[in-house]
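Line by line, the protein sequences give chains D and A. Residue numbers for the first sequence follow this note's numbering, so the first one is 1 and each next one is one higher. Residue numbers for the second sequence follow this note's numbering, so the first one is 1 and each next one is one higher.
Derived by calculation from the structure, the hints in this document are not laboratory data. Values in this document were obtained by computation on a predicted structure and should not be read as measured data. Take these hints with a grain of salt, some might be off.
What the hints assert, rightly or not - If the Cβ cut is set under 7 angstroms, some of the chain A residues that face chain D in the computed set are:
1) Glu-78
2) Asn-80
3) Cys-84
4) Glu-91
5) Arg-93
6) Asp-96
7) Val-97
8) Pro-141
9) Val-145
10) Val-214
11) Leu-220
12) Gly-338
13) Asp-359
14) Ala-382
Said to hold, decoys possible - In silico DSS-like cross-links for lysine-lysine, where the CA-CA straight-line distance does not exceed 27 angstroms:
15) D/Lys-209 / A/Lys-207
16) D/Lys-257 / A/Lys-31
17) A/Lys-207 / D/Lys-215
18) D/Lys-399 / D/Lys-70
19) D/Lys-397 / D/Lys-125
A virtual CB, placed ideally from N, CA and C, is assigned to each residue, including glycine.
As a plain string of letters, each chain reads:
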Amino acid sequence: MKARTLLLLALAAPGLARAEREPVVAVVGARIVTLSGAPIEAGTLVMRGGLIESVGTQAAPPDARVIEGKGLVLTPGLIDGFGGTGLPAAPPRGAPGAPSPPPTPDPLAPEADALDRLRPADALKARDDGVTTALAIPREGVLPGRSVLLNLSGEQAEGMVWRQPFALHVHMTSLARRYPGSLMGTMAMVRQGLLDGTRYRLEWAAYEKQPAGRKRPRYDASLRAWAEVAAGELPVMVTAQAENDVRRALSLADEFKVRVLVAGAPQAFRVADLVKSRRLPLLVSVNFDPPRAPAGGPFGGSDEEREREEIAEAERNPAELHKAGVAFALVSGHAPRFLAGVQKAIERGLPREAALRAVTLGAAEALGIADRTGSLEKGKMANVVAWSGDPLAKEAKVKMVFVDGQLYEPDERPEREGGTR
Amino acid sequence: MSGLALLAAARVLALTGATVLTGGPAGTIEKGTVLVTDGVITAVGPAVAVPAGATVVDLAGRFVMPGIIDAHSHTAVEGNVNECTDAVTAEVRIADVLDHRDVNIYRQLAGGVTTANVLHGSCNAIGGQNAVVKYRWGQGPEGLVFKEAPRGVKFALGENPKRANVRAPGTARWPATRMGVEALIRDTFLRARHYRDEWAAYERRRKAGAAGLVPPRRDLRLELVRDVLDGTVLVHAHCYRSDEILMLISLAEELGFKIRTFQHVLEGYKVATEIARHGAGASTFSDWWAYKMEAWDAVPHNAAVMASHGVRVSLNSDSNELARRLYWEAAKAVKYGGASEEEALKMITLNPAWQLGVDRWVGSIEAGKHADLAVFNTHPFAPDARVEMTLVEGQVMFDRAKDVQARSAR
Numbered sequence: 001m002k003a004r005t006l007l008l009l010a011l012a013a014p015g016l017a018r019a020e021r022e023p024v025v026a027v028v029g030a031r032i033v034t035l036s037g038a039p040i041e042a043g044t045l046v047m048r049g050g051l052i053e054s055v056g057t058q059a060a061p062p063d064a065r066v067i068e069g070k071g072l073v074l075t076p077g078l079i080d081g082f083g084g085t086g087l088p089a090a091p092p093r094g095a096p097g098a099p100s101p102p103p104t105p106d107p108l109a110p111e112a113d114a115l116d117r118l119r120p121a122d123a124l125k126a127r128d129d130g131v132t133t134a135l136a137i138p139r140e141g142v143l144p145g146r147s148v149l150l151n152l153s154g155e156q157a158e159g160m161v162w163r164q165p166f167a168l169h170v171h172m173t174s175l176a177r178r179y180p181g182s183l184m185g186t187m188a189m190v191r192q193g194l195l196d197g198t199r200y201r202l203e204w205a206a207y208e209k210q211p212a213g214r215k216r217p218r219y220d221a222s223l224r225a226w227a228e229v230a231a232g233e234l235p236v237m238v239t240a241q242a243e244n245d246v247r248r249a250l251s252l253a254d255e256f257k258v259r260v261l262v263a264g265a266p267q268a269f270r271v272a273d274l275v276k277s278r279r280l281p282l283l284v285s286v287n288f289d290p291p292r293a294p295a296g297g298p299f300g301g302s303d304e305e306r307e308r309e310e311i312a313e314a315e316r317n318p319a320e321l322h323k324a325g326v327a328f329a330l331v332s333g334h335a336p337r338f339l340a341g342v343q344k345a346i347e348r349g350l351p352r353e354a355a356l357r358a359v360t361l362g363a364a365e366a367l368g369i370a371d372r373t374g375s376l377e378k379g380k381m382a383n384v385v386a387w388s389g390d391p392l393a394k395e396a397k398v399k400m401v402f403v404d405g406q407l408y409e410p411d412e413r414p415e416r417e418g419g420t421r
Numbered sequence: 001m002s003g004l005a006l007l008a009a010a011r012v013l014a015l016t017g018a019t020v021l022t023g024g025p026a027g028t029i030e031k032g033t034v035l036v037t038d039g040v041i042t043a044v045g046p047a048v049a050v051p052a053g054a055t056v057v058d059l060a061g062r063f064v065m066p067g068i069i070d071a072h073s074h075t076a077v078e079g080n081v082n083e084c085t086d087a088v089t090a091e092v093r094i095a096d097v098l099d100h101r102d103v104n105i106y107r108q109l110a111g112g113v114t115t116a117n118v119l120h121g122s123c124n125a126i127g128g129q130n131a132v133v134k135y136r137w138g139q140g141p142e143g144l145v146f147k148e149a150p151r152g153v154k155f156a157l158g159e160n161p162k163r164a165n166v167r168a169p170g171t172a173r174w175p176a177t178r179m180g181v182e183a184l185i186r187d188t189f190l191r192a193r194h195y196r197d198e199w200a201a202y203e204r205r206r207k208a209g210a211a212g213l214v215p216p217r218r219d220l221r222l223e224l225v226r227d228v229l230d231g232t233v234l235v236h237a238h239c240y241r242s243d244e245i246l247m248l249i250s251l252a253e254e255l256g257f258k259i260r261t262f263q264h265v266l267e268g269y270k271v272a273t274e275i276a277r278h279g280a281g282a283s284t285f286s287d288w289w290a291y292k293m294e295a296w297d298a299v300p301h302n303a304a305v306m307a308s309h310g311v312r313v314s315l316n317s318d319s320n321e322l323a324r325r326l327y328w329e330a331a332k333a334v335k336y337g338g339a340s341e342e343e344a345l346k347m348i349t350l351n352p353a354w355q356l357g358v359d360r361w362v363g364s365i366e367a368g369k370h371a372d373l374a375v376f377n378t379h380p381f382a383p384d385a386r387v388e389m390t391l392v393e394g395q396v397m398f399d400r401a402k403d404v405q406a407r408s409a410r
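Working from the sequences, and respecting the hints, build out all of it.
Next up, the structure:
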């Protein structure tokens, strides 16, 4: 994986020259919510070469373009640690004049790269909402492939890709009319995949060690993807729906010694102690009422009352986790409106400061990138949002977004619902 | 009976004064005492000395029986209970998808059930691995698992595996006939045998110090079938008709594996001798049939007839609802076919315990066994019988008085 990262850097080399010409920007007079320390009133934030150069109350450096920040609140750029940023969403069925739907991703393709489906123009919508960093993976399927971590600079994929691949994903669900048609099948499939991946690597290693007199093993992209996970080179991100999906993820981690992150997890509060004691990276979805697949099978059935309860529980989930002292990220979970979901969590009792942390530093910690982003500190990536008021408050607007030190000003656009403002 | 919540913490518990239906060699004990230490029965009899410090529960006028064991259940399963997409899915495990919050656990505790065999569905000739569970209500899914129980697997014969061709059009799965079911099971066992040989050969070469060896592929599906051949996995075979029962017996004897139970087995009364000779148990309904063609030729005497031919018979529920009154299902075996009360009691206790391979630990009230107990207001076969209290390993999991109190408090 390291080799791949280097390769990407090499590809991005022409960008380095541009980075040197990047203007130095200083936002002055703003309230700065650093997340790493106490907020700074009327502070100065200086960005240079895509990084944060300083945060404090000092004067702007002479070579900086100065932006008046009076009345603005600066926070770290928001991180959507699990969602569909930049990936084509399936259009509503039969919508008039809708473009032909993108081909549905293979539901069982551990080797598929979300990057191959990336539409950079679609990613920019998230940036307008203050999202500067996002993990993208299709929501469909059981084994949707491998996610890509994006930092949303520029308009091209090359400028956005940060880590590729980031993780192999398992959605704890099942398929219709095709294996795995049950959660049991999904678990079995993951086990078999990890075993097969391990053996695939052994086979190739034995061949490379002594190719003479040995038939070359057959190349298999999917086994190769599993092999990377089995060897601990790539983590697994498990999308949990039920409470016990979290336990299932941990049991796979224990059985195969793989690195596991859990996303979604609308019932995570029920296993708060477990998440805490295992230090499980947890990315809690604010997609509280996703469309559900109808219950299938001769013994299947749906319980509407339990479903309603589960939605209500999901909305309280972040607040309960916070109360229990669990570290977690809030993520869109493919919800079309990330911020609306975060605001719902706040309405249901999550303190706003905790919510802000969960979409910035908390998210960075869960993804293991907090050494580079998630807070406003010297040396970190210059991912910054300027809000018109209290961050995440319903009436607050995202006025400016800096990604890698580059300023983007969101279009003032009407609310998607209601029409008038 | 209030204050029983205190029992949860009691180390030594003495249930005194009840009629104890032990279900074991001691038979029925009038005014008996059951002594429980740390969740295990340490003594049972008419004159058991109660040690100082024991928590004594006076059960005068009540009946105590072993916790009921349901040998065919689909309770507490999350998601689909059937992995219908293939005709052989021995790699999938019910234990992966246990739902400890399923309220049916509690409802069945209110019917005296303490252990259940949670089976994969009957879509597949060789289905998934079952989970034997203890109803430790209030614990996580791992708390449900009956740790001492051997592994088991669901087989299915007849209409269900034939008609479960649910895959996408153009990718029909087989079998579509009873002949096909037989051939598929044979084929799978032959492949499992090959798999075993392949690994044995690898181990031989490895031990001989061969260099550059790559182990054979681990195949979780065949591995389980291999373990059936090795006798470490119990086979629970869904079936109805006598011809398919005979088919599986002869196939098992040809391939060298044992059938632990025939499930449903509505025509078992026709081939009881053959079932007994193979050494299989039979787990059936008391009087539930005619819901499909192959379930047509049934009689309520089935359980008693099979038992009289030496088959270990259990009466099961296959239903969240029926599981709550299995004691009346057992009573029907007395009415139809004339099973003795003791024999009928064993059909929901010791016999299913044997069928699940857990009779060393549960199924009767005997010293050394888990204190899984159901306390009734009267004889459990009486028409006004109801469960007053259910204990799993000495812990009160259901207490009727407390439940009623909680309801009126709402």
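Hints, verified against the model:
With its C-beta approaching chain D no nearer than about 6 angstroms, A/Glu-78 sits inside the 7 angstroms limit, and its interface hint holds. The interface hint given for A/Asn-80 holds, since its Cβ lies 4 angstroms from the closest Cβ of chain D, which is under the 7 angstroms cut-off. The beta carbon of A/Cys-84 is positioned within 7 angstroms of a beta carbon in chain D (closest approach about 5 angstroms), and the interface hint is therefore held. Checking A/Glu-91 against chain D: minimum C-beta separation of about 4 angstroms stays under 7 angstroms; hint holds.
A least Cβ separation of about 6 angstroms between A/Arg-93 and chain D falls short of the 7 angstroms threshold, and the interface hint therefore holds. At about 4 angstroms, the closest approach between the beta carbon of A/Asp-96 and any beta carbon in chain D falls short of 7 angstroms, and the interface hint on this residue holds. The interface hint given for A/Val-97 holds, since its Cβ lies 5 angstroms from the closest Cβ of chain D, which is under the 7 angstroms cut-off. For A/Pro-141, the shortest C-beta to C-beta distance to chain D is roughly 6 angstroms, which falls under 7 angstroms, so the interface hint holds.
A cut of 7 angstroms between beta carbons decides the hint on A/Val-145: the least distance to chain D is about 12 angstroms, and the hint is violated. Here the hint on A/Val-214 is kept, as its CB sits about 5 angstroms from the closest CB of chain D, short of 7 angstroms. Because the beta carbon of A/Leu-220 sits about 5 angstroms from the nearest beta carbon in chain D, less than 7 angstroms, this interface hint is met. The beta carbon of A/Gly-338 comes no nearer than 35 angstroms to any beta carbon in chain D, farther than 7 angstroms, and the hint placing it at the interface is violated.
Annotation: A/Asp-359 was flagged as interfacial toward chain D, and the flag is violated, the nearest CB pair being 27 angstroms apart, outside 7 angstroms. Given the 7 angstroms rule on beta carbons, the hint for A/Ala-382 is violated: about 33 angstroms separates it from the nearest Cβ of chain D. Distance hint between D/Lys-209 and A/Lys-207 is fulfilled; the C-alpha atoms sit about 21 angstroms from each other, no more than 27 angstroms. A threshold of 27 angstroms between alpha carbons decides the hint, and for D/Lys-257 with A/Lys-31 the separation of about 55 angstroms lies outside it, so the pair is violated.
In summary, the hint linking A/Lys-207 to D/Lys-215 is supported, as the alpha carbons are separated by about 23 angstroms, within the 27 angstroms threshold. A threshold of 27 angstroms between alpha carbons decides the hint, and for D/Lys-399 with D/Lys-70 the separation of about 12 angstroms falls inside it, so the pair holds. Taking the CA atoms of D/Lys-397 and D/Lys-125, the gap is about 14 angstroms. The hint holds against a cut of 27 angstroms.
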